[in-house]
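S.K.: Sequence:
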Amino acid sequence: MKRLKTLFAALALASASPFASAIEIIVPAYFYPSWMPSLNEWHQLTWAAQQGADVTAIMNPGNGPGAASNSDYVTSVNAFRAAGGKVIGYVYTCYGVNHCTSEVPPTRSTSEVLADAQKYANWYGVDGVFLDEVATQPSALPFYQTVSDSLRAAHPDWRIVGNPGVAPSAGYLPLANTMMSFEGSYASFINGPFLAGLTNAASTGAIVHSVGTVTQMQEVMALARASAAKRVFKRFIPSSP
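Every letter in the sequence shown is one number past the one before it in numbering that gives the first Met the number 0, and letter 15, counting from 1, is 14.
Since the hints were derived computationally from the structure, they do not count as laboratory data.
The beta carbon of each residue, even a glycine, is placed where N, CA and C say it ideally should be.
Treat the hints loosely; a few may be bogus.
The calculated label-pair distances, taken between Cβ atoms and stated as ranges, are [said to hold, decoys possible]:
hint, residue 1, residue 2, range
1, Ser168, Ser110, 32 to 42 Å
2, Tyr29, Thr135, 20 to 30 Å
3, Ala114, Asp71, 29 to 39 Å
4, Gln136, Asn190, 42 to 52 Å
5, Ala152, Gly191, 33 to 43 Å
6, Arg224, Asn121, 29 to 39 Å
7, Ser68, Asp156, 31 to 41 Å
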């Protein structure tokens with residue numbers, strides 16, 4: 000829970016009034032919503048939303064929605080959304096081709112991706128999806144065009160966040176509301192202009208890890224503002240528990 004407290008402390012210090020920031024924080028809520036309040040980091044997310052923070056949580060019960068609805072997640076997700084937070088569901092896409100991590104099948108079909116997304120809708124009433132392992136090359140565009148078109152037809156109010164981790168081919172940008180065009184450490188983010196070459200900076204975001212202090216978080220947020228990026232995804236904060 001210290002990770003989230005540190006993050007929200009940085010948010011509060013980033014402006015004259017707590018949480019009055021144009022930067023959206025997308026939190027990888029890859030932690031179980033324990034029934035014990037002192038151990039439930041979802042409670043910290045709910046508190047931040049109640050204070051006016053622009054927070055979106057990525058839920059990920061089991062490398063996706065899991066096999067069945069989970070009542071602990073239902074309770075925490077509903078409380079967070081009632082406080083003003085937004086929830087999107089994690090769905091991996093295997094880069095639309097045939098190279099994926101060893102923990103998942105070597106390929107995924109568009110129907111499998113869409114089935115996972117629908118489970119989030121049915122079980123948790125989410126606000127959208129976080130598509131991970133998004134490809135960048137033009138040859139995989141048909142896969143993601145199908146996914147995007149199908150999601151928007153079934154859930155026109157949903158937000159689609161894609162994560163290639165680098166700047167993708169220009170054809171990918173219209174397929175998502177937000178495209179994560181950077182994934183790397185605090186040092187890499189601070190020392191390199193990650194938005195170089197992008198055509199729509201306002202719809203891009205950054206996945207920044209190894210951010211260990213409030214000061215470093217403030218630096219990341221300041222650079223995101225200066226670069227016109229509106230979303231910063233904070234992962235593994237701080238770098239030590």
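S.K.: Does each hint fit the structure? Answer for all of them.
M.R.: For each hint, the structure was consulted:
1. Ser168 with Ser110: 32 to 42 Å: violated, 24 Å
2. Tyr29 with Thr135: 20 to 30 Å: holds, 24 Å
3. Ala114 with Asp71: 29 to 39 Å: violated, 23 Å
4. Gln136 with Asn190: 42 to 52 Å: violated, 27 Å
5. Ala152 with Gly191: 33 to 43 Å: holds, 38 Å
6. Arg224 with Asn121: 29 to 39 Å: Roughly 37 Å apart at Cβ, these two residues keep to the hinted range, so it holds.
7. Ser68 with Asp156: 31 to 41 Å: violated, 21 Å
When held up to the earlier numbered hints, the structure conflicts with 1, 3, 4, 7 and fits the remainder.
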